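The numbering of the sequence shown is the numbering used here, which starts it at 1 and goes up by one.
It cannot be assumed that every hint is accurate.
Subject to a maximum C-alpha distance of 27 Å in a straight line, what follows is the list of computed BS3-like cross-link-like pairs (lysine-lysine) [claimed, not checked]:
#  : residue 1 : residue 2
1  : K180      : K110
2  : K141      : K157
3  : K33       : K110
4  : K123      : K180
5  : K50       : K133
6  : K56       : K110
7  : K157      : K180
8  : K157      : K210
9  : K50       : K100
10 : K143      : K6
11 : K110      : K98
12 : K6        : K210
13 : K30       : K15
14 : K142      : K98
15 : K143      : K115
16 : K101      : K142
17 : K141      : K6
18 : K110      : K140
19 : K115      : K180
20 : K141      : K115
21 : K210      : K101
22 : K140      : K123
23 : K34       : K15
24 : K115      : K86
25 : K180      : K114
26 : K101      : K143
27 : K95       : K141
28 : K34       : K86
29 : K100      : K142
30 : K100      : K115
No lab work stands behind these hints, which were simulated from the structure alone.
Small disclaimer: the values here were computed from a predicted structure and weren't measured.
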Amino acid sequence: NSFSGKDIVIDGMLKECNSDTDTFSEFSRKGNKKGSKDLTLMYAYDPVSKEPVAVKPYPGNMLDLTSVEDFISEFSVQSGLIVMDKGFYGPSAVKTIKSKKNLGYIIPLKQSSKKITDNDMDKGITSILSEYKDAHIFWKKKKLDDECYLYSFRNPKDAYDQEVGYLSRNRKKGTYSEEKYLDKQNEFGLIVFESNKDLEPFAVFEAYSKRWEIEIMFNLYK
Numbered sequence: 001n002s003f004s005g006k007d008i009v010i011d012g013m014l015k016e017c018n019s020d021t022d023t024f025s026e027f028s029r030k031g032n033k034k035g036s037k038d039l040t041l042m043y044a045y046d047p048v049s050k051e052p053v054a055v056k057p058y059p060g061n062m063l064d065l066t067s068v069e070d071f072i073s074e075f076s077v078q079s080g081l082i083v084m085d086k087g088f089y090g091p092s093a094v095k096t097i098k099s100k101k102n103l104g105y106i107i108p109l110k111q112s113s114k115k116i117t118d119n120d121m122d123k124g125i126t127s128i129l130s131e132y133k134d135a136h137i138f139w140k141k142k143k144l145d146d147e148c149y150l151y152s153f154r155n156p157k158d159a160y161d162q163e164v165g166y167l168s169r170n171r172k173k174g175t176y177s178e179e180k181y182l183d184k185q186n187e188f189g190l191i192v193f194e195s196n197k198d199l200e201p202f203a204v205f206e207a208y209s210k211r212w213e214i215e216i217m218f219n220l221y222k
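With the sequences and hints as input, model every part of the structure.
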């Protein structure tokens, strides 16, 4: 309750776990490839104070969107802004969050999402995010009919690096085609977020940028 109304970052990680005595040790999608079992650790923290809010383990084979839906219900998260990764996106998880009147979310969409192309969120991104000083970031915002907002951001440097990497890989493999390249072109350097809150673009970008701080802690665990 002491974190009620504050921004909360929620993320999950797979931790190698081959125990014979717990109920979490299961083969994840990655675990099958590396030949060892995992457990999933869901973790929430306050990005301002850096304090942990809640943590809960799940079986390694559980889908991210299933575990985050349970996580929100388990800890009765009722208000604030939840920042999540794209693996947590799903109709049921979004419905759970929207059912709580004072709870908001920010979540990146997968590049293949039809919401991006159907709403032209990969085109015409020309406004500069002037508050962000570490790089040149362009943004675009659009409100949909169902109390849903989309926010696009494009980093020109990332776009260049991704485009060069894509061309290098495909030319080396002999798989380059003009048609596929043209379909891919708008994705370079692009990230699109969905939210149920009307926010300033900088607030969205900064909130997701802070989410990466939790990855440092996860790397320490691993």
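So which of those numbered hints doesn't the model satisfy?
-> none
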